[in-house]
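Trainee: Chains as they are written, first to last, in this note's numbering: chain R, 1 to 352; chain U, 1 to 352.
Rather than coming from a laboratory, the hints here were simulated on the basis of the structure.
Treat the hints loosely; a few may be bogus.
Since the list gives no way to pick one copy over another, a pair counts as held whenever it fits inside one copy or between any two copies.
[As the list claims (entries may be wrong)] Derived lysine to any residue pairs resembling SDA-like cross-links, with alpha carbons at most 20 Å apart:
1) LYS294 - MET1
2) LYS226 - ASN152
3) LYS278 - VAL52
4) LYS278 - ALA251
5) LYS41 - ALA246
6) LYS226 - CYS151
7) LYS41 - THR289
8) LYS226 - GLN26
9) LYS226 - PHE29
10) LYS226 - ARG88
11) LYS41 - THR73
12) LYS294 - ALA210
13) LYS294 - ALA17
Listed below, chain by chain, are the residues.
Number of protein chains: 2
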Amino acid sequence: MQTLALDTYPIHIGPVAESLSRTLQQQAFSQLFVLADENTKAHCWPLIAPVVQPYNPVVIEINSGEAHKNLRTCEYIWQQLMEHRAGRDALLLNLGGGVIGDMGGFAASTFKRGIPFVQIPTTLLAQVDASIGGKLGVDFMQVKNSIGLFCNPQAVLADPAFLSTLSDRELRSGYAEVIKHSLIADAAQWGQLQSLTNLRQADWAQIIPASLNIKKQIVETDPFEKGLRKALNFGHTIGHAIEGHALETDAPLLHGEAIAIGMVCEAFLSCRQQNLPKAQLEQIADYLTQVYSKVALDPAHYPVYLRLMGNDKKNEGQAINFSLLPEAGTVAVNQTADAGPITEALDFYNRL
Amino acid sequence: MQTLALDTYPIHIGPVAESLSRTLQQQAFSQLFVLADENTKAHCWPLIAPVVQPYNPVVIEINSGEAHKNLRTCEYIWQQLMEHRAGRDALLLNLGGGVIGDMGGFAASTFKRGIPFVQIPTTLLAQVDASIGGKLGVDFMQVKNSIGLFCNPQAVLADPAFLSTLSDRELRSGYAEVIKHSLIADAAQWGQLQSLTNLRQADWAQIIPASLNIKKQIVETDPFEKGLRKALNFGHTIGHAIEGHALETDAPLLHGEAIAIGMVCEAFLSCRQQNLPKAQLEQIADYLTQVYSKVALDPAHYPVYLRLMGNDKKNEGQAINFSLLPEAGTVAVNQTADAGPITEALDFYNRL
């Protein structure tokens, strides 16, 4: 068991039965609720069931997938808490990926003005990304996480054993954030990652804490995303827009798949506007297209992407905001670009 | 202009044109939004229009009344913010009573994980109650404020001039919180208030800051309602339930009207369980039934009241929690009562 002690809560990385048992003993609560979806109920619940059963938990089951990360599902969660007469000292365990964690955390922190919650991230994406930062929320009007708030869990319990329950696509999706952390802050780690091609053979018990450490340092410097924390948005301005649009089609992309495209496009912008060396742009584009399948972006959708970027939370006023790379391992926040260069960046990806 | 400086933001009591003008000059924002209802748009907007017009504000107008304090109206507010491309540095002015302040503050603090907002309370209730405490939210499943959070505004601008726009009923409704503050913390003020019978002749510029000062001291000692702050719930356990039920009938009660009933009932419980002197119970019942019209409570509705009390945020576990008065001017939090004494208390009020 490794523990990363943040300023406000611990992240335990290791067997969940052990970390959960310890967490429940330390916590005073009147009732236990578990939020899960059909997948985590089937595949992840068995790992925690022996620990939680003695507390007679109420399991709230929702449908999996980003399409259900909305206010309707939140209302269902609030309704279940209300019908089971959850008091303010009830505890909610969020067992699942980013959708469960973001939405369950939002539902908990707004139910009766906030009940405590513990995150049990079961995807690589949630383990390396959503574990730190206290960002919670749901999607609204096609804009990801546009209704939400910052609130910290009591603890995060990340068990690499859950990763064996993931499909290859999901594992790759989470890996995009690992790549991003290295690109914005750790050139040496970026160098190492490029030799990793079979994700099933990765040493996650080493990679996860190392990646979390990068995020920890950035977030603790800037908890409310006033400045430095925007570094974490590398790849996300364009990536979120592509993801938001794809969500409405019959070929939705996973978050990391969209962010991988966004990172290629924003590396192109970095080369154009921040003098990222051309050789580094090529390395980034090569590795990302090797790990992730290429997706053809229809130029007819570019205006939709641009409109979605215009609604991004990271913008102040009307300009579209980016975090770009002067070189691999460093980042420049509060850069802007308009439709012209963004279109070139999308075309660059399409031509790879 | 009087200013009450809280730890986290100022409350300016005096002409709103002056306080708003100063607040907008001190604040950096990209876009200005004003939330109002049909009443405050007609009667209160003229007082702020000359100050805000130069900023080209977008006015979001919603229907007045507690019945509209729900997630549907919130979604409308979020939608308007989104359609006008509000960035995180947009500023929302909430021009209205408790519904506008609680819901507008909740909508602001969850839009893109939080945009700044300024409260301009236009009712006595909002000026003396909602101005302090950062409690925001909407009603859900007939339970008041059951979805919400704690978040502070940039400033509160309370202008006694707005009180002339109120009906007698609304003015009396707000006055219930003034009475409550005196009963839980200031026996001398309680003594003075009992000689006030014509609320139109009250010296609000003196009463409002004095009443706010009581709440300030309580809330700053306990910002997240872990202990002492529950003192402010005197009259609210029973009052909220009566209000919640009345909301669903064709004779809804204003908040303070319901709280006035709740205070009589909970003073009865105080007499029974906390040795509140019988003479003081009679003073409380006399003054409250003199200021507020009696409402007949149908015993057939008692089970609904009890069920609603069971869902109250203030409960921990299953017991029904009260803040009671050992004597006028002092309070005991975390008291409990069950259906028997609560029924007697309702009967006591009915017999007055």
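Trainee: Look at each hint and say if it fits the structure.
Mentor: Going down the list of hints, with the structure as the test:
no.: 1; hint: LYS294 - MET1; result: neither (37 Å within a copy, 64 Å between copies)
no.: 2; hint: LYS226 - ASN152; result: both (17 Å within a copy, 17 Å between copies)
no.: 3; hint: LYS278 - VAL52; result: neither (53 Å within a copy, 50 Å between copies)
no.: 4; hint: LYS278 - ALA251; result: neither (32 Å within a copy, 72 Å between copies)
no.: 5; hint: LYS41 - ALA246; result: neither (27 Å within a copy, 41 Å between copies)
no.: 6; hint: LYS226 - CYS151; result: both (16 Å within a copy, 17 Å between copies)
no.: 7; hint: LYS41 - THR289; result: neither (33 Å within a copy, 56 Å between copies)
no.: 8; hint: LYS226 - GLN26; result: between (33 Å within a copy, 18 Å between copies)
no.: 9; hint: LYS226 - PHE29; result: between (34 Å within a copy, 14 Å between copies)
no.: 10; hint: LYS226 - ARG88; result: between (31 Å within a copy, 10 Å between copies)
no.: 11; hint: LYS41 - THR73; result: within (17 Å within a copy, 34 Å between copies)
no.: 12; hint: LYS294 - ALA210; result: neither (28 Å within a copy, 67 Å between copies)
no.: 13; hint: LYS294 - ALA17; result: neither (39 Å within a copy, 58 Å between copies)
In this structure, the hints that do not hold are numbers 1, 3, 4, 5, 7, 12 and 13, in rising order.
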